[in-house]
Every structure is written in C-alpha cells, then in structure tokens.
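Protein sequences, first through last, are from chains G and B. Using my numbering, the letters of the first sequence map in sequence onto residues 1 to 117. Using my numbering, the letters of the second sequence map in sequence onto residues 1 to 215.
Simulated from the structure, these hints should not be mistaken for lab results. Positions of the beta carbon are idealized from the N, C-alpha and C atoms, including for glycine. Wrong hints could be hidden among the right ones.
Unchecked claim - So these bits of chain G aren't anywhere near chain B, every CB distance computed over 10 Å:
no. : residue
1   : 22
2   : 24
3   : 25
4   : 32
5   : 40
6   : 81
To be verified - Here are some chain G residues pointing at chain B (derived, C-beta under 10 Å):
no. : residue
7   : 27
8   : 38
9   : 91
10  : 101
11  : 105
As the list claims (entries may be wrong) - In the BS3-like style, the derived pairs of lysine-lysine whose C-alpha atoms are separated by at most 25 Å in a straight line are:
no. : chain 1 : residue 1 : chain 2 : residue 2
12  : B       : 172       : B       : 183
13  : G       : 111       : B       : 172
14  : B       : 172       : G       : 110
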Amino acid sequence: MAEYFPILLFAAIAVAIAIAMSAIPWLVNRPRYGKAKMSAYESGFEAFDTARRTFDVRFYLVAILFIVFDLEVAFLFPWAMVIKEISWFGFWSMMAFLAVLTIGFIYEWKKGALEWE
Amino acid sequence: MIPDLLFLAFSAGILLGATLVIAARNPMVGVMGMILTFLNAAGLFILFGAEFLGLLTIMVYVGAIAVMFLFVLMTIDIDYIKLKEGFAPYLPAGLLVVALLAAELILAAAHSPAQLTPVVVVGQGPQPQNVVALGQVLFTTYALPFQIAGFILLTAMVGAIVLTHRPRNDVKRQNVTAQVLRKREDAMVLTRPKTGAGATAKHWNPKSVAKKVKA
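Construct the entire structure; sequences and hints are all you get.
Okay, structure coming up:
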C-alpha cells in the first residue's frame, strides 16, 4: 500500500493546515461576544425568523434515489474490470441486475419523482 | 511500526467520530462526526489492502449516506434541546446495554485463540487488484446475493417514492407537447364583421373553448 503514502501525506497536511487555521486565530485573539457585537449592524434588519427552517421532504427523495444509483455504479466498477474473464453468465448477471433497477427507474420517471416542479 | 501507528491513528479517529455522534449537542456536529468515522474506516480498509472497499466507503457512505442524514436532519422539525431532556430516565437501561456489550466483547477477547499481532499490510508484492478479485466472484459465485441486492435497491427506490413523493397540482407547468401540437383553430377564429357593426364575442368559439363548454 506504499503507493497510498502521498495521499496519506496530503490528507495529513490538509488536516494540519485546517486545524492550524482555526486554532491560531482562537489562540491569538479569542472571540469576545457582546450585546453590541451580536446585534444587527447599524440599520440592518433584525432577524425575521430562525435560519434553521425545515426543508421540503423532496430533498430526501432525491438523496435516496441518488444512493440507489450510486450503488449501481459501485457494482459496475468491478464488473467492468473483469468483464472478459467472468463468462456470459457474469455478463447476464449484471444485465439482470441493471434490468431490475431499470424497472425502478421507469417507475420513478412515470411517477414524476424526477420532476422538480 | 508505521502500519501500527496508522492503525492507532485511524482507530482513534473512529472513536473520536463515534463519540461525537452520540455526544454532540448539535446533531449537525454529530453528522460531521459520522463523516469522520467513515473517513477513518476507509483509511483502515485501505491500510488492510481492501482499497476498493475503502474508496467505496468514501464514495457511498460519505458521498451519499451522510448527505442523506443531513437532509433528514434538515427535513424534520424537532427541538433538539427538548430531545436531550429525557436523557436521565433512560440512563440505567442504556448503561445496562453497554455493560452487556462490553462483557461480551471482553469474554470474546479472553477466549479468542489469536494473540495481539502487529498490523500486517497485505499488498506486498504482486497480487491481483482487489477490485478484480471481487469482480471474479461477485457476478458468478455470488450471483444470487448480487441479484437480491438489486431487488433490495428496487424496494428502497419504490419505498422512497411511495412514502415521500407528493405530486403537486397547484404548480403551473409547461407542457411542451401540448404547445407544439397546438393548431391555429384551437386558439383563434377569423371573423369578417360588417363595417360599423364591430366585432363581438358571439363569434368567439374556437375548439379549445368549445370542448370545455361541453365538459
């Protein structure tokens, strides 16, 4: 796994820089919150509402549909690597898998789940 | 030596992330802890030579499942401070479960034949790529579980649509087919009013309006 060492080094440097960039300002000049600092600036609007509003549930639908096709692609990677070695059975095995998911795809298309509205 | 240190670092990362998941006051921070756990698990996978599984963990778990958890958190309307209020009554039951699990783990570790061994990185010397090794059995020897996985994914897809898809009829949308198929007669009529009589609405009877009147 030596060929992964540059990636590990890259990740370690990225983590170190990220920690340093958030730690140094905190150490050098700690935030001192006050009433004036937390309020709206000069003639700015007071907040109407909380920013943590709930999202429409359709985002969840998009996420689920994405996961399904993400996994489908994940299965395609090893299949593509060995397609010449696994005989016609392996080929049609994947075709059957894709057909099942295509049924689902047609269903969601016809249901209008892909329409954003 | 270095693999041992890496193993310790990734394990510590997993524990840190898992602690964040259960202890963070803000559930968003909890999801970030979960992503940290996934990333460190991917690191362990790659350390043990399962590079495809490690990269898949990043792609599927961090790229899709963590995002779905974030969407779920943003979709539900829960007062998180109230959620944490009932912590104390459940504490004895929770501690009991933790104690049982810990006892099982300790018993299993005490009776396991294998002693603590240094971390061995597989992947030394030439060997088939594990994505190839996986593909050679997944689509032939394990074709049935593979097909069952396909049906489970289909179930997830259909279930998500049935549960969350609410077609909205109050939104006006463009129907391209209807626009292209529209004929002149559907929308307009030519009349020849007499001079001075003016054009009145009594001539206005195009097909589209006539259909609606009938219905």
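(message) Just to be careful, I want the Cα atoms of residue 172(B) and residue 110(G) compared with a cutoff of 25 Å; is the pair within it?
(response) Distance of about 19 Å is within 25 Å: holds.
(request) Would you check whether the claim that residue 22(G) is not at the interface survives, using Cβ distances to chain B and the 10 Å cut-off? (result) holds (13 Å)
(request) Compute the least Cβ-Cβ separation between residue 25(G) and chain B, then decide whether it is above 10 Å. (result) holds (20 Å)
(message) Holds or violated: residue 172(B) and residue 183(B), Cα atoms, limit 25 Å.
(response) Given that 25 Å is the threshold and the Cα spacing comes to 21 Å, the pair holds.
(request) Would you check whether residue 91(G) satisfies its interface hint, that is, whether its CB is within less than 10 Å of any CB in chain B? (result) holds (8 Å)
(request) Compare the distance between the alpha carbons of residue 111(G) and residue 172(B) with 25 Å, and conclude whether the hinted pair is satisfied. (result) holds (17 Å)
(message) Quick check on residue 101(G) please, does its C-beta sit within 10 Å of some C-beta on chain B?
(response) Because about 6 Å separates residue 101(G) from the closest Cβ in chain B, which is inside the 10 Å limit, the hint holds.
(request) Could you check that no beta carbon of chain B comes within 10 Å of the beta carbon of residue 40(G)? (result) Residue 40(G) is indeed farther than 10 Å from all Cβ atoms of chain B, at 23 Å.
(request) Could you check if residue 38(G) really has its C-beta closer than 10 Å to a C-beta on chain B? (result) violated (18 Å)
(request) Quick one: work out the minimum CB distance from residue 32(G) to chain B and report holds if it exceeds 10 Å, violated otherwise. (result) holds (22 Å)
(request) Please verify that hint: residue 105(G), Cβ, nearest Cβ of chain B, below 10 Å or not. (result) Holds, about 8 Å.
(message) Can you verify the interface hint for residue 27(G): is its Cβ closer than 10 Å to any Cβ in chain B?
(response) violated (21 Å)
The structure fails hints 6, 7, 8 (numbered hints given earlier, in ascending order).
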